[in-house]
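Residue numbers (the numbering used here), protein chains in the order written: chain H, 636 to 798; chain F, 300 to 1047.
Keep in mind that the hints were calculated from the coordinates and are not lab data.
Quick caveat, the model's predicted, so the values are computed rather than measured.
Be aware that one or more of the hints could be misleading.
[Claimed, not checked] Straight-line distance between alpha carbons at most 25 Å, and here's what the computed SDA-like set of lysine to any residue pairs gives: (1) H/Lys644 to F/Asp439; (2) F/Lys434 to H/Ser674; (3) F/Lys434 to H/Lys643; (4) F/Lys434 to H/Thr697; (5) F/Lys474 to H/Lys781; (6) F/Lys1031 to H/Ser674; (7) F/Lys769 to F/Arg719; (8) H/Lys781 to H/Gly741; (9) F/Lys434 to H/Leu722; (10) F/Lys703 to H/Pro653; (11) F/Lys422 to F/Val440; (12) F/Lys474 to H/Ala745; (13) F/Lys718 to H/Glu694; (14) F/Lys474 to H/Cys756; (15) F/Lys722 to H/Arg684; (16) F/Lys1029 to H/Ser674; (17) F/Lys434 to H/Arg740; (18) F/Lys722 to H/Ser655; (19) F/Lys1029 to H/Lys734; (20) F/Lys434 to H/Tyr699; (21) F/Lys434 to H/Arg684; (22) H/Lys734 to F/Glu433; (23) F/Lys668 to F/Thr962; (24) F/Lys1031 to H/Ser700; (25) H/Lys643 to F/Ala1040.
Each chain, letter by letter, is given below.
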Amino acid sequence: MLTPEREKKIDELLTRYPSSRSALLPALWVAQEQYGWISLELQKYLAIRLGITPEQVREVVTFYSMYNERPVGKYHLQVCCTTPCMLMGSDDVIGYLEKKLDIRRGQTTADGLFTVSQVECLGSCGTAPMLQVNREKYDENLTYEKVDALVDRLRAQAEGGNG
Amino acid sequence: MSTDTTTQTCTITVDGVPVVVPAGALLIEALKMQGIDIPNFCYYHNLPAQASCRMCLVRIEKMPRLQPSCTTVVRDGMAVEINTPEILDMRRGMLEFMLANHPLDCPVCDRGGECELQDNAFKFGRVDARFTEEKHPAPDVDISPFIYNDAQRCVFCYRCIRVCDIWMDVGALAKLNRGAHETIGTFDGWLDCEHCGNCVDVCPTGTLLHTSYKFGPRPWTLDETETTCSYCADGCRVRLGSRGDTVHRSIARDGTGINEEFLCVKGRYGFGYINSGERVTQPLVRKNGELHPATWDDALEHVAKRLGEVSKAKGADAVAVLGSTRITNEGNFAVAEVAKAIGTPNISYEPDYDLSTFMKSVGGRLATKADVLSADVIFVIGGDPKEDQPLTAHHLVQPVFKGKAALYVASSRLVRIRKRASKFVHLRPGGEAALLLGLAGGSLEVAAKAAGCAPSDIESLRSSLEGGRKVVVMVGSDCRGAALEAASSLGTLLAQGDREVTYRPLVFDNNSIGAFDVLGQGVPYASITGSLGDSISALYAVGADLMDGEDAEAVRARLGRLDFLVVQDLFMTDAALLAEVVLPASTYAEQDGTFTNIAGEVQRVHKAIDPVGSTRPDWLIASQIARLLGAEVKYRGSVSAVYRSLTESNPAYANATYVRMMTEGAVQTERPSASPDRSALVSALTSATAATDTTARHNEVPTEMGERLFHLGTIGKYSKLLADAFEDGKAKGRSVEEEAALIPLKSV
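Make a model of the complete structure from these sequences and hints.
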């Protein structure tokens, strides 16, 4: 299910820990890198690969918001909603995004460009409220204007074909 | 319990009152021994500590914060407060959190009335709720044909998950998502597991529940009867919940028997046959070629008359009587009385295991639960308790998990129990005798070649077995002839040493050992079935699956040639359709009696409901026939008198009285151990080894979860829930690939 290079990477990960279960988190990254999300099929494959139960894999995948159990859009907008961000208005930010993109959190726009997710603390409480696009740098001290600008920029980027 | 090895005590004070408790005990357990119950959810007496529910917190002097009593070990002089305003306030607070997202649906919840959350909320909780947050409602969903999940009711004690991991060694339940969105679930929404349902019975709330009991009668309206399961030889104690004439559930939630709370899929969900609409409920007598309902008096008189006629015309030897490994000891004893009354030696039953060979050579006691739990070496040869004896499998992995015992498995099949073995020796088919010859000190090269393994395998296995002080040998049905004899006296074959060896024959049927004890194997079953229609002209068959084998058609032809056939059974079996008289028997749930389990322990069967229709217990029917045949039957109408006659005629049962069973539960029969001749065993093994087909290839097909566990016998087939689940594949086990990946095979 994985490319030969990624299989090799997992082999290498398995040598790194005394118990194969410990390699689960990085192995999931490797798998998600290839597909953008981790299907149940892929989870079962990794379970057999690591010698653990599929249930143990799914527990981890569903625990962390960084692993996607469904395909995500080209731009995954992950809005932090943990306490400091919430106090600073993350509910408004994510609500604004939902309205603007006409989707609910966890959903992807019809054109496949955007997914909005509610995630736990991203460690940037001093600049709350904030969000992260994919695995790139943070967009901080968010306002409605900044969100508009961000979405416009990402749309332009996608149209320009260099996203 | 962590105190089983110590007799030392220490003194603690509980709310100022000094009490003496076992040293080293967990505080919650020490208090329980004093009759003080500390409320809890995640603590469970035979599961590893979790300490997540915080319900059992107590104040311990000099400790800065409240401490969980489920992980605190008692110390001499410890001063504990359990009933102060502070503690009561804490409990109120904990319950308030737990109920924050809990639906207020006790009136429609199947757990209502036997719910730990409900009980604790009632005892310690607030009357009102202060949380104004919205709840996360979630519909209940079926996660298997047997279990449904009402996720919103969960308090996250993880008992279900630990039970699935540790009792069952399956790990099919998962905690999904995080924080307020967490739920108990499965990998893909559907359970692929052994379907034991133990997760349901340990649940302290109404989260996991039995589909078979959905919106069933309220638990307090049920009559609960503790009895012994009718499926496998492990002999679990079950609690049948009945109302009127109907059995509604079979659980072991307050388990006090050898299985404690453990049950398997059949024991828990296979009770449907009791109230199956397909039961034979009245006596049938053939007139003009067709079976017609008859009164008991007419039917019994007809049977006695016809048996007498055949016996008179063709000699007593022309009559054969068959008992069963399924019916009670009392039933078989009364069946034997019929044979005695006729004067025929032709009495037998269909054995599921060669117990005559096993019992002839068994070199020690039969291993009880206590022997298995305290063993340091367990050796399983030629059997798979994971599939055939689920309680045995559950018991034997517990000391292995705790690192107290090492498990060694030798089998010609890739049995599931090998998963937890320190060493698995994969034999070629029929290689058991050769392996045992090697263990007995025979030439390693010769033994290994015939057994199909490496000489070093045998050598290391031998030294491991000889290193044990308390060894349990479990002898599966793959061992035959010399191998069975040798395996059942393995202690005499190993180098002499200071060790106690106990044995367990891996028999299958619920009363396999009892049938052997009561009926013996004087006349082999095959010689009776082989003479039907020839030297045998009349047959009285009780609970016998005459036509379950591959030779069904040949048996049908033979039955057709009989002068008289009377079948006593629960259902219209193929043989019953051919009978002249069909006598409807009661199930175990409708009668009193005893079963003898895999450890040779006698356990009571208690009547839960009145006999269905006009059925009667086997012992009553058989003793009425015996009386009509002129036998002097002393035990008119009393099952305990039948049992007393049994104990008088069989010294092994002399001490296993109903009274002892009432107080002790399972009482082991006392049977003399054989003193097998070592050199005779070795020479038998040598010739068996020489006769082994060394070209036979290893069986490389792994045993699939449920391969035999989900296999339905007669009674299983008539249990609708089981039949629906397994016959069309709605319920499956974990796949072979997944299981195989998990197996840490150290050596093959």
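Okay, the hints, checked on the actual structure:
1. Restraint check: the Cα-Cα separation between H/Lys644 and F/Asp439 comes to about 41 Å, which exceeds 25 Å; the hinted pair is violated.
2. With a C-alpha separation of about 29 Å, the suggested pairing of F/Lys434 with H/Ser674 is violated against the 25 Å cut-off.
3. Distance check on the hinted pair: F/Lys434 and H/Lys643 sit about 46 Å apart at the alpha-carbon level, beyond 25 Å; violated.
4. Only pairs whose Cα atoms come within 25 Å are accepted, and F/Lys434 paired with H/Thr697 is accepted, the gap being roughly 21 Å.
5. A distance of roughly 38 Å separates the Cα atoms of F/Lys474 and H/Lys781; the hinted pair therefore is violated under the 25 Å criterion.
6. This hinted pair checks out: F/Lys1031 and H/Ser674 have alpha carbons roughly 22 Å apart, not beyond 25 Å.
7. Our distance criterion of 25 Å between C-alpha atoms is met by F/Lys769 and F/Arg719, whose separation comes to about 19 Å.
8. For the suggested pair H/Lys781 and H/Gly741, the alpha carbons sit about 21 Å apart, so the restraint of at most 25 Å is met.
9. This hinted pair checks out: F/Lys434 and H/Leu722 have alpha carbons roughly 21 Å apart, not beyond 25 Å.
10. A hinted pair counts as satisfied when its Cα atoms are at most 25 Å apart, and F/Lys703 with H/Pro653 qualifies at roughly 23 Å.
11. Only pairs whose Cα atoms come within 25 Å are accepted, and F/Lys422 paired with F/Val440 is rejected, the gap being roughly 30 Å.
12. Between the alpha carbons of F/Lys474 and H/Ala745 the distance comes to roughly 32 Å, so the proposed pair goes past 25 Å and is violated.
13. Restraint check for F/Lys718 and H/Glu694: satisfied, since their Cα atoms lie roughly 23 Å apart, inside the 25 Å limit.
14. Pair hint F/Lys474 plus H/Cys756 holds up; C-alpha atoms about 21 Å apart against a cutoff of 25 Å.
15. Under the criterion of a C-alpha separation no larger than 25 Å, the hint pairing F/Lys722 with H/Arg684 is consistent with the structure, at around 23 Å.
16. Note on F/Lys1029 and H/Ser674: the hinted pairing holds, with a Cα-Cα distance of about 23 Å set against a maximum of 25 Å.
17. As the CA atoms of F/Lys434 and H/Arg740 are separated by approximately 19 Å, the hinted pair is consistent with the 25 Å bound.
18. Of the pairs offered as hints, the one joining F/Lys722 and H/Ser655 holds, with about 21 Å between alpha carbons and a cut-off of 25 Å not exceeded.
19. This hinted pair does not check out: F/Lys1029 and H/Lys734 have alpha carbons roughly 43 Å apart, beyond 25 Å.
20. A C-alpha spacing of about 23 Å is found between F/Lys434 and H/Tyr699, which places the hinted pair at or below 25 Å, so the restraint holds.
21. Taking the CA atoms of F/Lys434 and H/Arg684, the gap is near 39 Å; set against the 25 Å cutoff, the hint is violated.
22. A C-alpha spacing of about 22 Å is found between H/Lys734 and F/Glu433, which places the hinted pair at or below 25 Å, so the restraint holds.
23. For the suggested pair F/Lys668 and F/Thr962, the alpha carbons sit about 17 Å apart, so the restraint of at most 25 Å is met.
24. For the suggested pair F/Lys1031 and H/Ser700, the alpha carbons sit about 31 Å apart, so the restraint of at most 25 Å is broken.
25. Restraint check for H/Lys643 and F/Ala1040: satisfied, since their Cα atoms lie roughly 19 Å apart, inside the 25 Å limit.
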